[in-house]
Amino acid sequence: MGILDRFLRTARFSGGVHPDDHKRPAADAPLRVMPPPARLYVPLVQHIGSPARAIVAVGDHVRKGQRIGEPQGAVSAAIHAPTSGRVNAIGDIVAPHPSGLPVRGITIASDGRDEWCELETCDDPFALDPAEIGRRVARAGVVGLGGAAFPSAVKISGGLGARVDLLIINASECEPFLSCDDRLMRDRAAESVDGIAIMLHATGAREARIGIEDNKPEAIAAMRAAVAGHARIRVEVIPTRYPMGSEKHLILVLTGREVPAEGRPSDIGVVVHNVGTAVAVRNAVRFGRPLVSRMVTVNGACVRQPGNVEVPIGTLAGEVLAFCGGLRAEHGGPARLLLGGPMTGMQVPTLEVPVIKGTGGILVLDAAEVGEGEGDGSPCIRCGDCMRACPVGLLPLEIAARVRAGEVDAAARFGLADCIACGCCAYVCPSRIPLVQYFHHAKGELAARARGTQRNETIRTLTRAKAERVEREEREKAEALARRAAASLAAAAAAKQPAAVAEKAVEDASEEAGVCA
Amino acid sequence: MNEYLLLLLSTALINNVVLVKFLGLCPTMGVSKSVDAALGMGLATTFVITLAAAASWMLEHWLLAPFDLGFLRILSFILVIAAAVQFTEMAIRKTSPALYESLGIYLPLITTNCAVLGVALLNVQQGYGFVKSVLFGFGSALGFTIVLLIFAGLRERLALASVPAAFSGAPAAFITISLLSLAFMGFSGLIPA
Amino acid sequence: MLAAILSLTILGAVLGTVLGFANRFFQVEGNPLVEEIEALMPGSNCGQCGFPGCAGAAAAIAAGQASPTCCPPGGRSLAVTIAQRLGVSVELGGAEDPGPLVADIDESICIGCTRCIRACPTDAILGGPKQIHNVMRDSCSGCAQCIDQCPTEAMVMQPLPVTLQQWFWPKPALRA
Amino acid sequence: MSGHDQFMPAPAPAPHAHVGTDVGRTMRRVQLALLPATLFGFWIFGWPAVHLFVITVGACLLTEAFCQRLRGCESRLWDGSALLTGWLLALSLPPWAPGWIGALGGVIAIAIGKQVYGGLGQNLFNPAMVARVALLVSFPVAMTQWVAPLPLGSAVAPGFLEGLRITLGTLPVPDAVTSASLLGHAKTELSRGIDLAQALDAAGGALSAWHGARPGSLGETGALLLLLGGLYLLARGVIRWHIPVGVLAGVALPAVVAHAIDPGHYLSATTHLASGAVVLGAFFIATDYVTSPNTAAGQLLYGIGIGLLTWIIRSWGGYPEGIAFAVLLFNALTPVIDRYCRPRILGRTRRGAPIRATQGSAE
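Chain order of the listed sequences is A, B, C and D.
Heads up: the first sequence begins at 1 in the working numbering, then just goes up one per residue.
Heads up: the second sequence begins at 1 in the working numbering, then just goes up one per residue.
Heads up: the third sequence begins at 1 in the working numbering, then just goes up one per residue.
Heads up: the fourth sequence begins at 1 in the working numbering, then just goes up one per residue.
Because the hints were derived from the structure by calculation, they are not lab data.
We treat Cβ as the ideally placed atom computed from N, Cα and C, and that holds for glycine.
Misleading hints may appear alongside valid ones.
Non-contacting residues of chain A with respect to chain D, defined by C-beta distances greater than 12 angstroms in every case (computed) [said to hold, decoys possible]:
#1 L31
#2 A54
#3 A74
#4 V75
#5 A149
#6 K248
#7 P265
#8 G288
#9 G384
#10 E398
#11 H441
#12 E473
#13 R475
Result set (DSS-like, lysine-lysine): computed pairs, CA atoms no more than 27 angstroms apart in a straight line [said to hold, decoys possible]:
#14 C:K171 x A:K443
#15 B:K94 x B:K33
#16 C:K171 x A:K477
#17 B:K21 x B:K33
#18 A:K443 x B:K21
#19 A:K466 x C:K130
#20 C:K130 x B:K33
#21 A:K466 x A:K477
#22 B:K132 x B:K21
Sample of chain C residues lacking proximity to chain A, with all beta carbon distances greater than 10 angstroms (derived) [what the hints assert, rightly or not]:
#23 N23
#24 P72
#25 R85
#26 I109
#27 N134
#28 V135
#29 S141
#30 D148
#31 Q149
#32 V162
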């Protein structure tokens with residue numbers, strides 16, 4: 001890549017930051033495969049969308065790869081048993097989430113045999129209909145492995161409505177500390193490219209471009225060698241800058257085109273998949289293997305043996321750390337336990353949280369890596385660093401000031417909805433204002449408000465329906481009453497009996513009505 | 001031409017109606033919480049002041065002076081101003097209900113905006129001709145609008161600041177406008193009177 | 001003196017006429033605000049606001065006699081929607097807002113009398129005679145009309161539990 | 001593995017990394033950049049200037065401490081912001097001004113200019129300029145009494161105690177050393193109907209301006225040293241070029257044009273740039289983060305506006321120097337500028353609407 005080309009690509013989006021990447025030595029350590037632990041905790045929602053529904057019962061025996069959760073609704077993903085064993089419990093487990101709230105999940109006690117269930121293999125995936133590939137991917141419960149965990153089948157075939165002519169493979173891995181994609185490309189380059197070829201076939205795109213940041217020369221070399229035979233797949237080296245791995249920014253750098261706000265990449269004929277997802281798709285289509293394990297980077301100054309590990313889904317973070325030699329207490333000991341990278345990852349309060357499909361890293365950072373230092377507590381001095389760091393072109397300081405004052409709507413007018421929560425602003429803030437928390441809070445507040453409005457809407461409809469029903473019933477009763485009264489009056493008149501009987505009938509009818517009302 | 005331009009500049013900035021003559025402080029403090037409302041108020045007041053300047057000139061020269069009715073000046077001017085304000089209010093209510101609601105009570109209160117009467121009376125005092133009177137009125141109103149806009153911008157930011165409880169609200173606003181007035185003193189002497 | 005009286009009279013008459021015509025020209029229909037607000041309210045006429053029904057509350061809010069926050073079933077979202085429509089700011093009371101309250105039935109005490117079912121304006125309570133009743137949380141407006149009906153005090157109002165999907169970061173604590 | 005107590009109970013939001021800057025470092029860098037010019041000023045104007053500087057900075061720090069105490073918030077006296085405010089104010093005062101001017105200025109700057117709004121980061125106007133303008137308007141005589149340079153160590157320079165007495169006002173400033181600043185001199189001569197070419201010849205020409213050996217405030221004399229400090233701030237990334245370049249261009253461009261048309265009435269661009277507080281203002285005062293616009297376009301506009309207004313006030317206004325007024329006025333305009341100069345959001349047009357999707361082949 002020429003210097004000019006490099007410069008032009010860098011200039012395509014303003015903002016972004018260059019954090020210390022901390023990728024080595026973890027990225028250079030060989031890939032390890034972790035055997036299934038004694039107990040696995042598999043949440044029923046590991047993806048964006050509706051939770052899956054458990055289709056096994058406590059006490060059932062399951063085999064590895066057996067479906068245990070059925071997708072619900074249009075955007076959802078199936079859940080599979082990560083190893084063979086017995087279903088121990090179906091209930092609440094601690095979610096891998098900073099809130100520490102429970103999530104519904106299935107606990108499996110491993111029988112130690114780790115035997116697969118019957119798998120549907122396919123020797124020539126390119127002979128398959130794209131829709132069939134989509135179905136197989138959906139059946140395998142594959143979700144985007146870059147972190148967002150969006151069900152992949154929706155993006156692979158159909159579902160998007162628009163024609164896709166470019167498939168972009170996101171292998172930029174711009175988050176510091178994480179190297180699972182790097183390692184995957186170094187060790188399984190041929191498999192990745194095979195997966196990309198299958199995706200290319202399924203999406204109907206004309207070409208695929210693999211975007212890799214230039215701080216991963218080994219991965220670039222491995223992938224270049226692997227794509228040698230594929231005319232429609234290209235490896236593109238892109239400058240290292242956070243957040244290069246953001247979908248919209250990667251598209252911008254690779255194609256020069258912007259995804260419209262409030263829109264999706266498919267609006268401009270592009271679809272983006274993570275390189276890890278490509279391998280998962282290959283496994284699903286060629287071997288029928290569902291997504292039951294993933295590559296996880298275990299890193300941070302407090303980890304004894306940092307590196308990349310293939311971990312069964314549902315393994316507790318503490319057990320993965322134990323597999324990596326446990327924690328060390330130097331440098332003041334562990335300061336934060338993170339799932340994901342340091343820029344967007346989640347801090348969790350306990351080691352007892354399971355690895356799920358979207359967990360790309362387990363990091364145990366010390367205070368120095370977190371950057372805890374002096375300066376805490378200063379107010380905003382309007383230096384504008386956040387504005388210059390923002391890769392989307394927002395004014396984080398203005399948005400945060402409005403959220404702080406409780407003016408969430410005013411914040412929304414400053415483009416809150418366009419915030420990708422990359423964390424660049426808070427990373428550079430000299431006053432260390434938790435800007436991202438302000439944005440998360442405001443977005444949550446707006447969402448809660450929208451839910452409230454929706455709720456009020458429903459309740460209003462229900463109230464009207466009931467009021468109308470009550471009114472109708474009363475009217476019908478009154479009519480019935482009148483009919484009966486008239487009938488009995490007529491009968492009385494016909495029989496020339498005293499009117500008292502008719503009155504009695506009216507009374508009876510009204511009593512009855514009173515009871516029913 | 002140059003003379004008219006200087007008159008406009010001088011009334012708008014150098015002898016600013018709010019910051020130098022201290023007229024029209026009530027709406028300046030009242031309708032400066034948001035820039036949008038301030039702009040609406042500024043435009044409405046501009047319309048009224050310009051109209052009142054023209055009308056008061058005609059009143060003065062065609063009615064009050066010929067019939068020697070100088071003692072009715074304030075009374076009749078207020079009558080004209082009130083009518084102009086009423087007209088503006090109806091027009092705004094029809095054309096922009098949102099602006100009408102955001103201006104609230106301050107819209108009819110343009111009547112008692114001393115800047116309006118002040119400009120009309122100053123016009124008579126200065127003995128300007130018709131065109132100059134209108135320009136004087138328009139320039140003053142322009143100055144009023146500029147200050148209102150700047151001040152509203154400042155107050156929008158002030159609303160986000162963590163002002164100590166003792167100063168929050170009107171005190172901080174008054175200090176701010178006094179500092180703004182201080183800044184406008186830089187214009188003094190720009191055009192020899 | 002005569003000139004003064006005459007001139008002011010004529011002036012007044014002329015201006016009055018002009019304004020009169022202007023008034024006709026710029027005629028605006030009556031205030032549609034009340035109906036608009038009423039359409040936003042839950043409509044269960046629960047009376048927790050202290051006004052006679054939702055229509056009464058809407059009129060009071062439009063007239064500025066009641067705060068947009070006066071409707072507990074409508075909660076925050078309703079308050080904000082109304083405040084936006086009125087162009088006023090509301091004090092939402094910050095983080096201590098527990099969210100909407102919904103009815104909940106203590107199944108160990110419920111005797112299945114169906115009184116709450118009849119009282120519920122949104123048909124949010126399921127169950128038949130002599131069967132334990134259940135509240136559909138999504139449909140409960142939080143009007144609390146069922147609470148007084150229950151002979152065994154099995155009905156209680158409780159805040160909606162926060163789920164993982166609904167949880168969001170609290171506002172950062174203010175630093176002095 | 002006992003993980004429960006090992007990590008913080010209340011998780012913090014992302015990001016879990018930081019670039020490592022803090023507010024104090026920025027303040028220290030600005031102070032470092034000001035140091036050479038200040039020391040030069042001390043040398044030129046001797047002990048009274050040192051005393052005035054100490055009093056002004058001391059008044060700022062005391063007021064800050066008092067206000068923070070009064071507000072009951074945690075003390076942030078040593079974040080350097082009050083020190084910087086006092087420093088800038090001292091640099092803009094006549095070096096031999098009585099001590100109470102400095103003290104009063106310090107109180108005004110911190111109490112009215114800053115703490116009324118809630119302290120650091122909340123103020124709407126530059127505190128130092130608020131104080132300077134308030135003093136200039138209230139005490140025009142004391143604020144325009146300049147002295148000729150009397151370098152430390154020269155025979156006529158007052159000693160430490162003598163200087164203290166001058167600052168405290170018990171010893172009158174000898175008439176022999178009072179003098180007019182270059183801009184003041186030009187203004188007076190012009191008003192007397194004397195051509196500028198002759199007037200400046202008598203004053204020793206404009207060239208002496210750059211090296212500073214001439215009457216003026218503490219901070220206007222060492223223009224070259226201030227320029228050096230400003231370049232240091234630029235190199236360090238503390239400030240960006242838009243505001244300084246805007247201010248300098250805003251002063252210089254009209255000056256070049258006007259001087260070419262009528263040299264007898266308008267000072268040359270070099271004189272404008274080297275005299276008064278243009279360099280100080282361009283690099284240190286107008287660039288105050290809190291009171292200047294955020295976006296590049298806004299900053300450029302703001303800078304040019306300040307420069308232009310400074311030139312207008314200097315050329316036609318009632319005051320010989322206009323930087324302080326110009327800065328205050330554009331501080332007031334900052335929210336309006338910020339409102340209309342916003343960066344474009346990715347995927348949106350400048351007006352905020354989503355861009356239209358363009359289907360088609362990549363590149």
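How the hints compare with the structure:
1. L31: Nearest chain D Cβ is 23 angstroms from A:L31, so the label holds.
2. A54: holds, 27 angstroms
3. A74: Since the minimum Cβ distance to chain D is about 23 angstroms, A:A74 lies beyond 12 angstroms and the statement holds.
4. V75: Non-interface label on A:V75 holds, nearest chain D Cβ at 22 angstroms vs cutoff 12 angstroms.
5. A149: holds, 16 angstroms
6. K248: violated, 6 angstroms
7. P265: violated, 10 angstroms
8. G288: Nearest chain D Cβ is 33 angstroms from A:G288, so the label holds.
9. G384: violated, 4 angstroms
10. E398: violated, 8 angstroms
11. H441: A:H441 not clear of chain D: closest Cβ-Cβ about 9 angstroms, inside 12 angstroms.
12. E473: Holds, because the least Cβ-Cβ distance between A:E473 and chain D comes to about 50 angstroms, which exceeds 12 angstroms.
13. R475: holds, 51 angstroms
14. C:K171 x A:K443: holds, 11 angstroms
15. B:K94 x B:K33: holds, 23 angstroms
16. C:K171 x A:K477: violated, 55 angstroms
17. B:K21 x B:K33: holds, 22 angstroms
18. A:K443 x B:K21: violated, 47 angstroms
19. A:K466 x C:K130: The hint holds at about 22 angstroms.
20. C:K130 x B:K33: violated, 61 angstroms
21. A:K466 x A:K477: holds, 16 angstroms
22. B:K132 x B:K21: Status holds; Cα separation ~19 angstroms.
23. N23: Given that every Cβ of chain A is farther than 10 angstroms from that of C:N23, nearest at about 36 angstroms, it holds.
24. P72: holds, 12 angstroms
25. R85: Since the minimum Cβ distance to chain A is about 12 angstroms, C:R85 lies beyond 10 angstroms and the statement holds.
26. I109: holds, 25 angstroms
27. N134: holds, 16 angstroms
28. V135: holds, 13 angstroms
29. S141: violated, 4 angstroms
30. D148: holds, 18 angstroms
31. Q149: holds, 14 angstroms
32. V162: violated, 7 angstroms
The structure does not agree with the numbered hints 6, 7, 9, 10, 11, 16, 18, 20, 29 and 32 stated previously, though it agrees with the rest.
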